[in-house]
Amino acid sequence: MLADIGTILTGLGLASALYAVFAVLWSMREEDERWWESGRNGVVAAAGLLGLAVLVLLVAFLQDVFSIDYVAKHSSRSLPIYLKASAVWGGQDGSLLLWAFLQALFAALLLVRPSKEARPLLPWATAFMSLITSFFVAMTLFLSNPFELSQTVPVDGQGLNPLLRHPGMVFHPPALYLGYVGLAVPFALALAAVMTRRVDDWSKAARPWALAAWLFLGLGLFLGMRWAYDVLGWGGYWGWDPVENAGLMPWLTATGLLHALIMEDRRRGFHWWSMILTMLSFVLVLFGTFTTRSGLIQSVHAFARSALGPYFLVAMGVALFGSLALFYGRRRLLSTPDESQDLFSREGVFNLTLVLLLTITGSVLIGSLLPTLTEALTESRFEAGPAWFDRVTGPQFAALVLVMGVCPLLGRAVGAVRALRREGLPTLAGGVIVPAVGALVGFTRPLSLVAFAVVGLAGGTAVAEFVRAGMRRRRGGEPLLRAFWSAWGRNRRRYGGYLVHLGVILMALGVIGTRFYPFETEAVLSVGESVEVKEYTLTFADLERTSSGDPVSTRASLAVYRHGSYLRTLHPSLDEYTAFRQTVAVPAVRTGLREDLYLVLAGWSDGGSRATVKIFVNPLASFLWLGGLVLMAGGSVAFWPKAKAAHLSVPEARRRRVVGTAAVVVGLLVLIVAAWAMWGGSGQTAASVGRAGQGEAAPAGRSGRRPRVGEPAPDITVELLDGSAFSLSELGGEVTVINFWSPDCQPCRDELPDLQAVWERYQARGVTVVGISLPNLEDDVVDAVSEFGVTYPVGLDSVAPTEYGITGVPETFLVGPEGNVAYVHIGPLSADQLEEELSALVAE
Amino acid sequence: MTGNTKFIAAGLLIVAAVAYLIVTSTGSTAHYFLTIEEVQAMGSEARHRRLTISGAVLGDTIDYDSSRPRVTFTIVQMPGDPREVERRGGLAKVLHDAVNDPDAPRMDVVYDDVKPDLLQEESQAIIRGELGEDGRFYADEVLLKCPTRYEEGIPKQAEES
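Chains A and B, in that order, give the protein sequences.
Heads up, the first sequence is in my numbering, so the first residue is 497 and it goes up one at a time.
Heads up, the second sequence is in my numbering, so the first residue is 6 and it goes up one at a time.
Incorrect hints may appear among the rest.
What the hints assert, rightly or not - Some chain A residues judged to face chain B by a derived CB distance under 8 Å, without partners named:
(1) N847
(2) T855
(3) A880
(4) G1099
(5) T1108
Hints in this document: simulated from the structure, not taken from any laboratory.
Here the structure is a predicted model, which means the values were calculated and not measured.
We put the beta carbon where it would ideally sit given N, CA and C, even for glycine.
Only chain A is shown next, with the shape it has when bound in the complex:
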């Protein structure tokens, strides 16, 4: 029923989008306003219908409608609601539907309060947008319909892959899709501009869309990086996987597009650049989708089904060659008036920036396709690993940062040397100070010092730009803070841009630190043992297996000291998702300005008394995240149009106010999401979320967490083998040894004589020993008790083990005279160990 509604809505959406294409084209042919009106209605209807289809899918997830195959494969009853909602885009079918909807939505948004530059371009742009929408809706409907019914209706769904249960993953796909969809708008506008021969104003019309798309795409990549860092536990954030590259490439060309659009204001000669970059960005979006779905590229996470691949390839070809043919046909429209340009002028440097962005994109593309390319060209297949990408793109990124530092200087004064003498002091200072500080803090590898110098040059320039603008107004007599505020407020696009540059520079610091000085080691630690790693000392305190259910989480506690003084305790954990037969190592990170200490629990042995820990030290990693946030903030500021403009007409002013408010909301949203994903929802949350989902099924009352040393021991009442009852609270302050065991566990049997020996020696001194086993093995328990001659009380109970959070046997607890847990031991215990602990308690 629900499935039929969804399919019908999608079908109607397709019909509306196709109708809109037809009506708009017809209106241009007939020059009839009424057809145009009708076409616009078609666009809005398509957006509405597809929005409803997404809503229906959402309802299907929330209601656990497992008769729909897609829902059954990506959700389960126990998932928390927000993860059920995000499962809508957890797989290919749903994400394609979401993409189609967003595409329709953007086509509709383009029609809402268009700027005066965009207005003449609207008919053609709308036709192209609706055509693109139709393509995506058709792909969804005919090749991967999320509303398809399954053959059999499962009782419960398969659930969401544990690795995806992370807040970063909730927002990462929609942010990417918003970016992808956003890039279609400038493309449609560019085609419209060429069709209508109105290329002069299109940059103003395209700019807000290009900026928004760039911002969302950046946010998507950024969240993906943070997710990798928080969840995957390999200590890194970017692995140069083809799927990551597929997202990076359009972002690089979109970055170029933004620069070209800015230059187009000043020099008409950038038409070619911006048209080509718009087209490339859009084609690369299709290419990314194609590669991840077609299996052309060997990737860890290529989508398996490949029916979509050929269609995307065709669409890519049409977009690429169609627009190239169009541009070529109208080349006179786009041709540059031959201005004399200097290689080292502002234009020259912009050209250089764009070339570099393109060569980086090209390098990444070649790297992603290297196995296919080398097989075609030579006999053998070569494959590019992270080392290849680092080596090829590293110098190019460095050159880009260098250009970024030099570019603003060239804007004002002709001649690089004169500019450097007049305004280059902060630049040079940055170029000296940053590597000097780096060297002092201990980053001394020559190549990294060069990289630091480059970053310092660019950083000095960016900071100087901010300060200089403020100081100019300060001289005008304004108070300091207001001077800066108004100076930056007057040209938000420009200073937003510099803020983005500053973000890039901070990120570059993070990249240099983590790539030049990676450090990782492993340690096998017994409880209480320490290991020295650089200036840190890590002491393994204990291992805790929390709760039953799914996942079973094993959490290590490691106290971290630096130069002997205590910093904090980190808890890396291993979560076993039994339903998925998958173990997820959740890292624990101690974030510092200089470096991150990143711990992964690799495994444990000897019943939890030994743990293997992977230790990463990631220098300057926090600069990466800080830089990302600054970059996002800068983008949002640039999005914010000029506030006061008295000369504007009333509707235009209102339009700008609306856009401005939207920009503020979007910017805030972006920052909040980014910040939350980074600090609010670190890896620990991902694990606890999974647990909370299972918590509903767990018995009410105590959560079954193992009590820690110092905490009150949970009271238990156990029926003993002789029929009497044992109650902890009625013992009245006796020191008690509680041993959880099972007769079918050999280590448990081995320790019975030891416990018996302790009992015989300490009984007279007011110590009680009690053994607790599960009720279903009563006969075996009785046998074991008689076999080993156990005389201390032994009982059978199923509640007590949950009260003490037991997930494995043997485990032993020592309760002190005040009723607090004095000692916890996971795994077999020897008489000597137990006596050592006991003697401390009894002597008190």
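Go by the hints and put chain B onto chain A.
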């Protein structure tokens, strides 16, 4: 020189530099991408070279010593060409067939690292490293993908490096 030729010359210079970087990097840091069959056909020539090998993981052979840590497991021959995989009925089927073919070439892998989350029966392993003197493959990077359960893929790398 007019303005434009200057720009074109500068642009070509950059492109040439990047092309040089790509070619030299491919020589020095790119890996041969081979199947188990191809590696075994090369014999001793395969040693002392950076190799990337893909194969299907045999679940029973996975042995993890968490105290070192070291994982050892065996992978089975499967086609390296994605198109070939597609022709044989998709990744899931190819992996399943490979694991159940007792005659398919096999290779033992040694990976001195933490056991990757996704290492399990019938997952596809893409392994980078070198062939050791003992005929076992010493991996320094293991990438895994599991087609059956996670058909939709994991949107970011599940990588252990």
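Evaluation of the provided hints:
{"no.": "1", "hint": "N847", "verdict": "6 Å, holds"}
{"no.": "2", "hint": "T855", "verdict": "4 Å, holds"}
{"no.": "3", "hint": "A880", "verdict": "5 Å, holds"}
{"no.": "4", "hint": "G1099", "verdict": "3 Å, holds"}
{"no.": "5", "hint": "T1108", "verdict": "5 Å, holds"}
No hint from the list above goes unmet by this structure.
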